[in-house]
Every structure is written in structure tokens, then in C-alpha cells.
Amino acid sequence: MKYTTFNQINNNPLTEPMFFGNPVNVARYDQQKHQIFEKLIEKQISFFWRPEEVDVSKDRVDFQKLSDSEKHIFISNLKYQTLLDSIQGRSPNIAFLPIISIPELETWVETWSFFETIHSRSYTHILRNLFGDPSSIFNDIVENEEIKKRAADISKYYDDLIFATQLWQTLGEGVHTVKGVTHTITMRELKKKLYLCMNSVNALEAIRFYVSFACTFAFAERELMEGNSKIIRLIARDENLHLTSTQHVINLWAKGKDDPEMAEIAEECKEEATEIFLNAVEQEKEWAAFLFQHGSMIGLNKEILCQYVEFIANHRMSAIGLGQPFDVKSNPLPWMNNYLSSDNVQVAPQESEISSYLVGQIDSEVSADDFGDFDL
Amino acid sequence: MVDIKHHKTVQHQPNKSLLETIEVHNIEIQYHCREGYCGACRTKLLKGEVEYKTDPLAFIDDNEILPCCCFPLSSIEIEID
Ligand code: FES
Ligand SMILES: [Fe+2]
Ligand SMILES: [Fe+2]
Numbered sequence: 000m001k002y003t004t005f006n007q008i009n010n011n012p013l014t015e016p017m018f019f020g021n022p023v024n025v026a027r028y029d030q031q032k033h034q035i036f037e038k039l040i041e042k043q044i045s046f047f048w049r050p051e052e053v054d055v056s057k058d059r060v061d062f063q064k065l066s067d068s069e070k071h072i073f074i075s076n077l078k079y080q081t082l083l084d085s086i087q088g089r090s091p092n093i094a095f096l097p098i099i100s101i102p103e104l105e106t107w108v109e110t111w112s113f114f115e116t117i118h119s120r121s122y123t124h125i126l127r128n129l130f131g132d133p134s135s136i137f138n139d140i141v142e143n144e145e146i147k148k149r150a151a152d153i154s155k156y157y158d159d160l161i162f163a164t165q166l167w168q169t170l171g172e173g174v175h176t177v178k179g180v181t182h183t184i185t186m187r188e189l190k191k192k193l194y195l196c197m198n199s200v201n202a203l204e205a206i207r208f209y210v211s212f213a214c215t216f217a218f219a220e221r222e223l224m225e226g227n228s229k230i231i232r233l234i235a236r237d238e239n240l241h242l243t244s245t246q247h248v249i250n251l252w253a254k255g256k257d258d259p260e261m262a263e264i265a266e267e268c269k270e271e272a273t274e275i276f277l278n279a280v281e282q283e284k285e286w287a288a289f290l291f292q293h294g295s296m297i298g299l300n301k302e303i304l305c306q307y308v309e310f311i312a313n314h315r316m317s318a319i320g321l322g323q324p325f326d327v328k329s330n331p332l333p334w335m336n337n338y339l340s341s342d343n344v345q346v347a348p349q350e351s352e353i354s355s356y357l358v359g360q361i362d363s364e365v366s367a368d369d370f371g372d373f374d375l
Numbered sequence: 308m309v310d311i312k313h314h315k316t317v318q319h320q321p322n323k324s325l326l327e328t329i330e331v332h333n334i335e336i337q338y339h340c341r342e343g344y345c346g347a348c349r350t351k352l353l354k355g356e357v358e359y360k361t362d363p364l365a366f367i368d369d370n371e372i373l374p375c376c377c378f379p380l381s382s383i384e385i386e387i388d
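Sequences listed follow chains A and B, in order.
The first sequence maps to residues 0 to 375 in my numbering.
The second sequence maps to residues 308 to 388 in my numbering.
Looking at chain B on its own, in the form it has when it is part of the complex:
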């Protein structure tokens, strides 16, 4: 499950990136490259763990993730700003 603060809790879709899951549920999230190098999708990870299939190049802080190229490893809680 993906709990999106100030929005709702949604089911993560297998084989989709976190960004795609969020989009499927019509929640506004910013993106440009969709490949982990621009940082437009930068999001706070409040709880849980994610993994990357492509190396994220964009700058992210320790508590941040790039939904365009990450996949949840557990139930997670995130905050889109």
C-alpha cells in the first residue's frame, strides 16, 4: 500500500514505478524526465522502503525518493510537495 499524505491510500500496481501508480490514481505529481536524472518528481518518504532499478542521478535528500524510477519494497508513506 502507498499512503499519500493529504491525499489517499492507494494500492501499488505491480511492475509499475511508484510514479505510474500515483498517476493511475489521478493524484497530481510533477515529473519531467521519468528517468531519475532531473529531480522533478522528488518526494518525501515518511515511512517504508523503496528500491531503484535505474541509478537515480538527480539530487535527493536522505529522506527523499524519486518516484519515477523507484519501486516500493514495503508499504510506504510519502508526501508530495
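Pulled out of the complex, with its shape left as it was, chain A reads as follows:
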């Protein structure tokens, strides 16, 4: 079906499915098929923030105090997050907007993506403060094998859906040969690609940031890189909301509250969806290993970080009906919650009371050099 920017059919948006119905015409929010998306839009807009409002200047001094292995951890995480937000700033728009059929979901996706672009801009803000000219850091993102591996895995589900949608919108259902390659386009296949893509995005929002968040907040527990930590808290708040939206989409499908065919597909693709999530968990653990290859940082090591990923994964897999495959029962990094709570988000970290951290007692005046060969 050809895409149109203003569908002239006088359809009833309240009976459209979320995806693959008629294209949206009137952007109206007085009535909603799925109210939740309108509520998420309001919440997300209420979170509005600008990176430039956060003073990161003290971080430059702190950064010089970090050991080489800590610098590697800090910069690698920023590169990885830059990659994730580069993808998220465009892909939901390009992949989902052409196939969305209800106005509240369309606007939610646009709002969501817009906030991802704020995240991207904040990395430039952080890096420019640290380096003046951060171009070597950005350039490495497309050369670094560890990052490229992850990029390929994340973008493939989006790219697959986008390409199939383009064929469908120009040529319709059928068998099409493009540049010598044959593609079979059916609505069922398109919906399957959408389902897998949504699961991959859900896994991204659910766990792909958390190794890096944990490192950032572990620095903040030592009163280091606090400007950066403040920005990451704002980002983490947004990411939690994004995750809520993908969980809603997946559950609306699975529970038969939207397109009944999507409920069948959810059943049919459960194993593949589980695979996608578990694969993301594995990659995050590998990322932790890569980060700590030159040595740990105070308060964190690879093992505890991997346990944390499993802990978060349990919670977030069970939210979409995939069970709790891992054996971690209690939160290995309880102090993380303080940084992920909205209560503290506008407060400078040094003003908030965060005391449950295992090395919180260490005198913050001690410099990183004193721990030169401290290994966890």
C-alpha cells in the first residue's frame, strides 16, 4: 500500500490497528484507541531538559584523576551510548512512522525519537568539555570492532523491516526481484518483521544501557564525573519511559487487544523473541568484559556487573511474558536505584543522601593514583 501523508479516506481511527492499517490523517488526541500513548507523550514532554543546562566543567578536572583503565571505561561507554542514541534518534521514526495507523502512537514515536536526539546532543556536550575537539572519539565509533558488532545486531531488525516496508509500499505484496535478489512480501511476513524489530528495540531500551549506567553511577558514588552522571540520570529517566512504551506495544499485541494477527505472531515468534533478548544480555556481558580488560574500577567488576545485567533482564523479560531465565534473586547493585529514581534527578548528587554503597566510606579526597594497582 502506497504511503500517503494525508490519507483522504474518512476512516475511524478508533478501529485502526496500531500498525499496518490506514495511514494516519488527522493528528487528533481528543479520542484515543490506546490512551496510554497520549499519557506517555505528556510524561515525556514534562521531562524536557537541555544538556547545556548541566554544568560539566568540573568533570574535566576529575577526568585527569582517573586511571588509564578507568578512562578506557568512561570513554568506551560514551562511545557505545553515542551509537545507541544515534540509532534510536532516527530508527523508530523511519521504521515505524510509515506503518503506524493511529495518531497517538505516531506522535509518541516522534516524541520518543526527539528525546533520543537530546541524548545524542548531550554526548557532544560532555565530550567537548573533556577534550575540546572530540572528533577522534566520534571517529572511532565507526572503526571500533566491539561497537560495530553491536551496531550490526541492533540495526539489522530495523533495516530488515524498513526494506520490506519500502518494497511493500512501492510494489505491494508478491514476489519481487530487486537487483537479482528475490523477496517475498506478504502482510504476514511484514508483521513478523515488525514484531521482531519491536522486541529488539525493547531489549535495547531494557538492558543495553545498563552496564554503562552502572559505571557512570559508580564514578558518581566516588564523587567523580558528577556532571556526566547528572546527564546520564536524565537520560536513564527517559529510557525507562521508552521501555514502558515498547512493553505496552508488545503486551497489547500478545493479549489480543490490538491486531488479532499480531497475537498469533507473538505466540509463533516467542522463541525468537526470547533469543533476541538473551542475545542482548550476552552482548552486554561481553561489553563488561571489554570494559574491564585493562582492570576494574572501584566498586565494580565484571562479575557483579554481569549479575546486574541478569537481574535487570529477569525483571524486564517477565514484563513481556518471557519468564525469568536467570538465577539472581536480589539486586547486586542496590545503590543504582537511587540514581534511577525521579526523586533525586534534579538534585546535585553531592546534595542527595546516597549511603548504601559498599565503598561509600572511602574518603573522597583520596586520589585515583592511590589506587594505582588496586584490582577488584
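Hints are computed from structural coordinates only; laboratory data are not their basis.
Among these hints, one or two may not hold up.
What the hints assert, rightly or not - EDC-like cross-link-like pairs, simulated, lysine to aspartate or glutamate; straight-line CA separation at most 16 Å:
#	chain 1	residue 1	chain 2	residue 2
1	A	K42	B	D362
2	A	K256	B	D368
3	A	K256	B	D369
4	A	K57	A	E222
5	A	K42	B	E342
None of these values were measured; they are calculated from a predicted model.
Given the structure of chain A, go ahead and fit chain B with the ligands onto it with the hints provided.
Leaving out everything else, chain B with the ligands in the frame of chain A:
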């Protein structure tokens, strides 16, 4: 009263959210946002009724509640996972 399966029965504290009541009694419960939009505190409601003062945005199943923003309306039984 709040009966927490596999833990103990505690007295609900007036003016506190269910999450705060649970925390006062040192029972481990997960949270992030404390505002009803992340779902980290998602808990099973086995018996009784709760009300919300802020609209819960996080996904919850029919038998689940968000302790961070709900208040018991009766004696309840819950299961934290
Ligand atoms: S802590 Fe976020 S929903 Fe309860
Ligand atoms: Fe983001
Ligand atoms: Fe996001």
C-alpha cells in the same frame, strides 16, 4: 494490614505509598522511578484492593500493582518477585 507472601504481615503506614511501607519494614523490593512509569516495582496483588493517586503508566498485568504509587484500600496480600 499488608500480608507479604514469603515474608511477613506488616501494618500499612498512613500517608505512605505501599512501597514506602514495605521499605520501612526492610523487605527487599525493586524500584527505579518511584512515580509509576518504569514498572520496576511491579508486584502481584493476591487479595484486596488498592487505589492510585498518580496515574500508573508502566505496563502491569490485571493481577499486578505498582507499589510506588498505590495505596491499599483494604487489607491486602501481595507477592514480590
Ligand atoms: S518504581 Fe517505577 S513504577 Fe514503581
Ligand atoms: Fe536514549
Ligand atoms: Fe530510548
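Consistency of the hints with the structure:
no.: 1; hint: A:K42 to B:D362; in the structure: 11 Å, holds
no.: 2; hint: A:K256 to B:D368; in the structure: 13 Å, holds
no.: 3; hint: A:K256 to B:D369; in the structure: 13 Å, holds
no.: 4; hint: A:K57 to A:E222; in the structure: 11 Å, holds
no.: 5; hint: A:K42 to B:E342; in the structure: 11 Å, holds
The structure is consistent with each of the numbered hints, conforming to all of them.
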